[in-house]
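Could you build the full structure based on these sequences and the hints that come with them?
With my numbering applied, the sequence shown has no gaps in its numbers, which climb one by one up to 554 at the end.
Please keep in mind that the hints were generated in silico from the structure rather than gathered at the bench.
Incorrect hints may have been included.
Claimed, not checked - Here are the simulated SDA-like cross-link-like pairs (lysine to any residue), alpha carbons at most 20 Å apart as the crow flies:
#, residue 1, residue 2
1, K344, A361
2, K344, A355
3, K491, N441
4, K491, A509
5, K540, S423
6, K540, D393
7, K491, E530
Claimed, not checked - Pair by pair, the computed Cβ-Cβ distance ranges are:
#, residue 1, residue 2, range
8, A486, R337, 51 to 61 Å
9, N467, N364, 49 to 59 Å
10, E225, R267, 56 to 66 Å
11, S241, V418, 30 to 40 Å
Note that the coordinates shown come from a computational prediction; the quantities given were computed from them, not determined experimentally.
From the three backbone atoms N, C-alpha and C, an ideal C-beta is built for every residue, glycine too.
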Amino acid sequence: MAWRSEDRSRGERGRGPRSSRQEPTPEQRAWRAARRRASRRLGFLAHLVPYASVCLLLLALAGFRVALIVALSWGVGVACHYFFALVAPDLHRRFIEDEVRRELRESGQKERQSTLDRHARSLEELSASIAHEIRSPITAAKSLVQQMGEDPASRENVAYANVALEELDRVERSISHLLRFAREEEVELRDMSLADALDSALESLRDRLARLGVAVECERSSEGRMRGDAEKLRRVLINLIGNALDAFEEAGTRRPRLRIEGGENLAGSEVWLRIRDNGPGIEAGALAKIFSPFYTSKQQGTGLGLAISKKLVEAHGGSLEARSAPGEGAEFLLAFPKSAGAGASGTGKGLE
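Written out as C-alpha cells, the structure is:
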C-alpha cells in the first residue's frame, strides 16, 4: 500500500501518466511479498495463541471432556484459517506458475492467449478439487462436534471425538501432501543404474508381491546407466508398481503378472523402462486425467502420486507416458537421457 501511495503522489506532482511509471524493482517486490507473508503468519498466531490458552484454561478448570469439545469445535476454524491464510496463497501462486510454464512449452508464441484460457479452466478444476478434498472431512468433523455439544454427557462422545480426530487427521494429511507437491525439491544428479533403482523398488514391495501372488518378469538389455537421483527414481518406481498392485487387489485379478523391460535407444543417448501389468486396465476418459493433480479412483487416495512421479521424471529431463485399455492391463513407459541434458535442471518439484 505504501508503494502505491507513493506512486499516486508522484503522479500528482506531474511525473507522467500511470502507463509510463517505472515498474517496481525486484527488491520492492520481495519486500512486499515478505510483508504479506509476515502479516498472514501474525494473523494465524493471533488465532492460535488464544486457542491454546483457552484450551489449557478449560482443561484446568472444567476437565478433559469440556476442553476436548471446545478444542475440536474451535480447532476446525483454526485449521481452516491455517490453510486459507498460509497455505492456499502459495499453492495458488505455484499452481499458476506451473501451469503457465507447461502450457508455454507446448504452444508457441502465437498461442499465448489460448494457453491462458486453458490455464484458467485448469485452475478452476484444481480449486474445486482442493475445496472438495478439504471441505468433506471438515464437514464430517463439524457434524460430530455438534452432536457432542448437544449432549456433552453422552457415552458416544468418545467415539465421536475419535472419528472427528480421524477426519481432521485426513485434512492435515491432505495439506501436508499439497505442501510437498508445491515445494521445490532439489534433485541430486549422480551416476546411477536404473536397474539398481528397480531392484530396490521391488525389494521394498517384496512382501506385498508375495501376498498377492504376483509373478514378476524382468527383461533388461542393459543396466540403464544414467545421471539421476537414485532415491527419487526408486520412489517413482515404487509408486508405479504399487498402483499396479492396488489395481490387482481391487479387481481381484487372477494370476496377476508384472512384466518389466528395460534398455537403451538405438542412438545410445537414452535409457528406458517399461512396466506392464495384466490388471483391469484404465478407461480412456480416466487415462487422459491420471497425471492431473487430485485425480484418483481410490477412496483413500490423494490423487498426487502420479502427478508427483511425472514431475520428478521431468526434473530429470525424462518423460513418463501411460497406455491402457479396459480389460487389457496398463503400461507405463519411462525414458531418461543418459547424461543431464536441457530438460534436467538439477531441481524438481514434488513429494515422495
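Now for the hints, and whether the structure bears them out:
Proximity of K344 to A361 is assessed by CA-CA distance (about 14 Å); at most 20 Å being required, the pair is judged to hold. Between K344 and A355 the CA atoms are separated by roughly 18 Å; this keeps the pair inside 20 Å, and the hint holds. Distance hint between K491 and N441 is fulfilled; the C-alpha atoms sit about 17 Å from each other, no more than 20 Å. Taking the CA atoms of K491 and A509, the gap is about 10 Å. The hint holds against a cut of 20 Å.
In summary, the hint linking K540 to S423 is supported, as the alpha carbons are separated by about 15 Å, within the 20 Å threshold. The suggested pairing of K540 with D393 holds, with an alpha-carbon distance near 9 Å, which does not exceed 20 Å. Between K491 and E530, the direct Cα distance comes to roughly 18 Å. Compliance with the 20 Å bound is thereby established for this hinted pair. Between A486 and R337 the C-beta distance comes to about 30 Å, which lies outside the given range of 51 to 61 Å.
N467 and N364 have their C-beta atoms about 54 Å apart, which keeps the hinted 49 to 59 Å range intact. Hint check: E225 to R267, Cβ distance near 58 Å, so the stated range 56 to 66 Å holds. Taken as a hint, the range 30 to 40 Å is violated for the pair S241 and V418, whose Cβ atoms sit roughly 54 Å apart.
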